[in-house]
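Undergrad: Using the sequences provided together with the hints, build the complete structure.
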Amino acid sequence: PGIYNYCHHRCEQCPFTGRCFSFRQEQQEARDHPERSLEDHMEANFTRAAALMKAWCEQHGIDLGAVEDMPEADESDRTTESGDEEKAHAEALQQMARRYSSEAYHIVEPLSSLSRFHAWVPAVAAAIDTIGWYSGLIPAKIGRALHGAANDGQFVDDDPVQNDWNGSAKVARLAIAESIAAWRTLFEAGDTPVDASIRETADLLAQIDRDLAARFPLAMEFVRPGFDEPEVAAGALTRLAPFEPRRRTVRRRIQLWGWRLRRRVLGRLGGSH
1 PGIYNYCHHR CEQCPFTGRC FSFRQEQQEA RDHPERSLED HMEANFTRAA ALMKAWCEQH
61 GIDLGAVEDM PEADESDRTT ESGDEEKAHA EALQQMARRY SSEAYHIVEP LSSLSRFHAW
121 VPAVAAAIDT IGWYSGLIPA KIGRALHGAA NDGQFVDDDP VQNDWNGSAK VARLAIAESI
181 AAWRTLFEAG DTPVDASIRE TADLLAQIDR DLAARFPLAM EFVRPGFDEP EVAAGALTRL
241 APFEPRRRTV RRRIQLWGWR LRRRVLGRLG GSH
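Numbering (my numbering), first residue to last: 1 to 273.
There are no misleading hints in this set.
Beta-carbon label-pair distances, calculated as ranges: (1) D191 x A55: 56 to 66 Å; (2) E85 x R184: 27 to 37 Å; (3) L237 x R199: 44 to 54 Å; (4) I180 x D228: 19 to 29 Å; (5) S197 x E29: 38 to 48 Å.
Don't read these hints as lab results, they were simulated from the structure.
Quick caveat, the model's predicted, so the values are computed rather than measured.
No residue lacks a Cβ here, since even glycine has one placed at the ideal position from N, Cα and C.
TA: Structural data, given as structure tokens:
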């Protein structure tokens, strides 16, 4: 459950397609409606997601209509000096991710198109494919992580590690690591000069990764369903839900308690400005 929320969506390389609900649904949709366009498939997915959400709310006695009608708090009522600074950092990180996405796409797209007329060596072809694929996924996952972190505290049961924004940030950082390795392959294959402008795009990605690490210091501890569970990967049944806390050492529990306390203190100090 939930494995498709923290993967890289490269189904042809994934060992979990036989146990992935999202993959099964996509395959079924393609068989049942081969005439549908990508937009039609996306609309059908949104409709199905809305129906599932409504059914879940009804099962748990939640009035979805009342929730949708609740007025949102005025941004000016919630904003503090520290909140403004954090929001500015988040926006800067998102802008860098979008800039990288655009630059990377415009670099590798011509190389990918050239593949029809030129046979790249396998390592270079794989690098081009990796950079192109992740150029769109990285800003999407970063945006999801930042949005989730901005709403941190709305749900008192949120675990400090096993939560959606850490999971999204981890997926982004893993994609960045693969992309940086792919850039290195291209630079080595093309004997790219150290001062070439193309290297600035890879340097930008490295900066994004450093900012993500600072913004989400616990992200890499997030346990992705299946992918980070060797026993599940080997065929065992899932024992824990995606956001259920994992077993931690006493030392780690103390560290997380201190982390939570620090966030609360900073939040109160910010609110006193």
